[in-house]
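Asks: Start counting the sequence shown at 213; every next residue gets the next number (the working numbering).
Just so you know, the hints here were simulated from the structure itself, not pulled from any lab data.
Incorrect hints may have been included.
Quick list of in silico lysine-lysine cross-link-like pairs, DSSO-like style, CA-CA up to 30 Å [as the list claims (entries may be wrong)]: (1) Lys336 / Lys357; (2) Lys357 / Lys337; (3) Lys357 / Lys230; (4) Lys216 / Lys230.
Per label pair, the in silico range of CB-to-CB distance [what the hints assert, rightly or not]: (5) Ala267 / Gly295: 19 to 29 Å; (6) Gly238 / Thr276: 38 to 48 Å; (7) Ala313 / Glu233: 21 to 31 Å; (8) Gln293 / Lys357: 36 to 46 Å.
All of these numbers come straight from a predicted model, not from anything done at the bench.
For every residue, glycine included, the Cβ atom is placed at its ideal position computed from N, Cα and C.
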Amino acid sequence: MTEKDTDDLAELRRLVRKVIESGPGGFEAHAERARGVRSAVHAEIASALGPVLNAHLNTLPQDTLVEKRETAAWVNHELRQLGLAIRSPVSSVPGILIAAAGRSGDEREGSRFLIMSRDERGRKKHSPSSGWVPELELVEDPPRKEGRSRYRE
């Protein structure tokens, strides 16, 4: 990072704190503003990185199932680190990129990419498949639900 990047990040941190602490209210009001900041930051990251990610993916080898799996694993890892996911073209919900063998499950029949998401009941949903990484639209990956410790309203 350059010195300008460091200065810009310091300014961003100052603005984030200002927004969160602005206005009256206790924890709930502050947390609501913090969630708004979080969503806004993730939306900007997704918007900035989407085109660059898609351009980079076009340079990666994607001929074999192994190459597709490596690409999918790399994409999902990078997006997870950033709090992002891929918008499913079928349901518009966040999903992940997966690589699969040909339609009959036989790698000799080729391989494909799919975007896997889950519906409101937790069932897996898959996008139409593609032999090459499709154009990915990045979105905020919502916070995960905490299973048995989940807060219930």
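Asks: Next, verify each hint and record whether it holds.
Replies: Evaluated hints:
Of the pairs offered as hints, the one joining lysine 336 and lysine 357 holds, with about 16 Å between alpha carbons and a cut-off of 30 Å not exceeded. Between lysine 357 and lysine 337 the CA atoms are separated by roughly 19 Å; this keeps the pair inside 30 Å, and the hint holds. The suggested pairing of lysine 357 with lysine 230 holds, with an alpha-carbon distance near 29 Å, which does not exceed 30 Å. Straight-line distance between C-alpha atoms of lysine 216 and lysine 230 comes to about 21 Å, which keeps the hinted pair within the 30 Å bound.
Between alanine 267 and glycine 295 the beta carbon distance is about 21 Å. The supplied range of 19 to 29 Å therefore holds. At about 56 Å, the beta-carbon gap between glycine 238 and threonine 276 misses the expected band of 38 to 48 Å. Restraint check, alanine 313 to glutamate 233: a C-beta distance of roughly 53 Å breaks the suggested window 21 to 31 Å. Our hint of 36 to 46 Å for glutamine 293 and lysine 357 is violated, since their Cβ atoms are close to 20 Å apart.
Violated hints, in rising order: 6, 7, 8; the structure is consistent with all others.
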